[in-house]
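Listed in order, the protein sequences are those of chains B and D.
Mapping of the first sequence onto my numbering: position 16 corresponds to residue 16, and the numbering continues sequentially without gaps.
Mapping of the second sequence onto my numbering: position 41 corresponds to residue 535, and the numbering continues sequentially without gaps.
Heads up, a few of these hints could be off.
What the hints assert, rightly or not - Pair ranges (Cβ atoms, derived):
1) A64(B) x L626(D): 24 to 34 Å
2) T641(D) x D213(B): 43 to 53 Å
3) T18(B) x A729(D): 51 to 61 Å
4) P485(B) x A642(D): 46 to 56 Å
Said to hold, decoys possible - To list a few chain B residues with every Cβ distance to chain D over 10 Å, as calculated:
5) R13
6) G66
7) R94
8) D95
9) A182
10) H211
11) E241
12) G297
13) S362
14) S406
15) C460
As the list claims (entries may be wrong) - Computed footprint of chain D on chain B, listed as stretches where at least three residues anywhere in the stretch have a Cβ under 8 Å from a Cβ of chain D:
16) 55–65
17) 101–109
18) 115–128
19) 246–254
20) 340–350
Worth flagging that the hints you see were computed from the coordinates, not collected in a lab.
Yeah, the Cβ is synthetic: ideal placement off N, Cα and C, and Gly gets one too.
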Amino acid sequence: MTTLLHPQGVRVRSLTWTPWGASPVLDAVDLVIEPGERVLLTGASGSGKSTLLRAIAGALENYAPGDLSGKVLIGGQSPAERHGGAGLLLQNPRDQVVAGSVARDAAFAAENIGLSGDPLHALVRGNLASVGLGGLPLDRRSTHVSGGQGQRLALAGLLGLSPEVLLLDEPLSMLDPAAARAVQSAVLSLVDTLGASLVVADHDLETWWPHVDRVVVLEHGRVRYDGTPGGVLTALAGQEELWLPGLPPPPTTEIDWTAAPRPRAVPGEEILVADEVSYRDRDSLRLPQVSIRLELGRGHALIGPSGSGKSTLLRLVAGWYPPTTGALRLADWVQAGTRRPPHRWNSRRLAQTVALVGQVPSQGFIASTVIDELLKTRRLIGRLRDGDEARAVALLDSVGLGSAGSRHPQTLSGGEQRRLAVAAALVAETPVLALDEPTVGQDRASWATVAGALRHAVSCGSAVLAATHDRRLVEQLDAVTRLAPAGTTPEDIS
Amino acid sequence: MTAGFDFQGTAERHRPPLGQVNPLVLVVGILLPALTSLAITTPASATVSVLLLLALLPLLRSPRRSMLPRLVLAGYLILTIFWNNWYFGGQDEVASAVAAARVFCVAMPGLLLSAHVRPFELGDALIQQLRLPPRPVLTIVMALQRTALLTETWTEIGHVRRSRGLGGTGVAGRVRELAGRCVVFLTIALRSATDLAVAIEVRGMLAWEARGVARGHWQRSRWTRRDSCALALVALFSAVPVATAFL
C-alpha cells in the first residue's frame, strides 16, 4: 500500500471518446496524476467529467456504445490488466448496492481477490470502521441505510481491492450537508492512509478546493485548465459557469414565459394547507406529523436531513396518496365541483392543479422530443393556445436547452433533464408547483435558470414548494420549513 | 427497519427453523412436490396429499403474519379452480375437488417456502456446493434483490404520469397508457442496470475472472446432517402423491 509499489500513477494520453452518432465527449485529453496526488476535476454540466472517470476506471467501452481511442495507464498497465487499480464511486448510492447485507456488500471486492473466512471478516470490519461505519450492524440490509451511509458503504466496498487511485463522481450531490461532510472526511482520511491518488469530479469547487493539490477544468471534453487550486481563480476569472470559491450566487435568469392570469385566484391567498399530516407505509413512518401552508405568489423551501420525509410531503401535496393522519385543504375555487380529496381526482384535474418535479425527472417524461415534452401536459389539460409552440422555443432558450428541442428527453444529461422537467412544470401553469431537489447537478449558469424558473413561477402567482439541500436556493424563496427526523417536532423558521 | 440475517452466528439462532436449513433444501422442497403433485388424479391420492400437507403446516412454524395472506391466496385459488371445474366440467364434485387438491399441492410448497429463501445464501450454496459459475449466479441473486427497488420505480412512474395529466380512460386508453409506462420503466431499469454492472466491475469482478483464482466467500455455505434429514423428508413427502396414485 505504499506509493513506492506503483511509482507511475495514472497516465491519460490523447483520450477521445465518441458516442455513436454524437460528437466527441472527450477530445484528446492528456492528464498525468502522480501517486498520492489529490485532483479536483471540474467543468460545466456535460463537459465530460463522468466519462473521463469511467474511462480511467476501464468501465467505459463495455457499458456505453461508442468509440474509444488513446490510452489510459495505471501503474504502467491498462485498466483492464490492472483490475482494482482504480476504484470508482458513482453518484447514486442506490445503484451501487451489490449484495444483500452491509457485510456482504463491503466484502464483495475482497471476495473477488479470493479472500474468505477470518481474514475477510477482519478486513471488512476494518474497512467499515475506516469509513466511519464501524457501528453499523453487519447484518443490516444494504438497501436500508441512509444516502450518506450508502456512499460510505460503497467506498468501503472499493477498499477491498486497495486501489491506487480513487475516482469519485459527484459523490456528495445526493446528500444533505451533514452526510456530505461525513463522506468527505471519510474520503480524505482514506486517501491519507492508503497513500492513494484521488480524482473527484464535482461542479462545486468550493467544497473540495481547500483539500486538493490540483484542479483540472474540462470544457467540451478538453482540458481547459490544469494547475494549482490558487491559479484556477485567476485562470478562470470571468468564467461564470462554475461555482468558483468566493463567487456569490449568480443573478437568476429572466424566464421567457408569460402565464395567463387566473381569474378566480386572489394573490397571497392560501391555496393549499396540509394540516397535521403524517405518512406511514408498511415498513415505517415516512413523514412525522407536520403542517404547512402554501400561498399564491410565495416560494416555500422544505429543508431537513435525508429521511426526514421531504419527498413524502411533496407527494402528499401532489395528490399521489392520502396522508395517514391529518388532511389537505385546498382553496374553494380549486376544490370547486368535487368533494373528493386530490388523491382521488382524475389525472386531468390533478395536472391542472399541482405539478410535481420528482427526484428522478426522467420517470415523468411523456413525449418523444424535448419541445413536445414541454407542451404535452398543457395540451392534455386543455391549456394549449395558438403560438404556444413559438413561446416554448423561446422558453427552451432561456433555460439553456435551445439546441435540444428535437432530441429525445431520455437522451439529455441528468442536469438537462431536471431543467426540462422544471420548465414543463412552469408551462403547465398550475397554481401549485412542487419540486424535489431541483438544483441537483446544475453548474452555476444552469443553476441560475432553475432558480429563475422558480422565481418566475412565484411572480406569476403560483405557490412553489421546493425540497432542497441547496442553501443558495433557500435564499431565493420566501419561507422555510425544516423537517426534523422522526421523533422530534418540525420547526418553522420562516 | 427489518434486519437481514446474513451474518452467521449472531442472528441465525433467532430464525424460524425453515430459515436455518440450507436454501438448496428449500428450493428442492418447492420444485419436487410441485412436480410429483401432478400425479394427483384420484380422490384417494388427493385426500392423503392434502391431509399430509395440512398436518405439516404447524411444523413449519412460519410466523403467522406471513402465513395468513398466503393461506388466503391458496384458499382463493382452490375455490376458483373448484368452481370452474364444477361449473364448466359437468358438475362433477369429486373430479373438481381432485383438480383443486392438485393445484393446492403444486402451489402450496412454493407459497410456504419461498419466503424463507434468502437470495444471497442461495447464491452461496449454488456457487460453493453445486459449483455453479459465480457470475451468472450472482447476477440472478442481485436481480432478485432489486425487485423491491424496481417495484417502487414502477409505482412512482405511474403516479408521476398521472401528475402530468396522463390517465387513459376506456380499455384502449388504459392499454396505451400501460404501454407508455412500460417504455419509460424499461429505459430507467436499463440505465440503473448499467450502473450496477459498472459498480460490479469496479469491485474487481473482471479481476477475479482474469486471475482464475477461486472466488472467496463471506459466509461458508454449510450442509449439515439436519439438511440431509430435511431433504429426505422432502423426498418422502414428494413421493406420497405418486405412491398413492396407485391406491
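Check your understanding: Can you give the numbers of the hints that this structure goes against, from lowest to highest?
Key -> Checked against the structure, the hints that fail are numbers 4, 7, 8, 13, 19, while the rest are satisfied.
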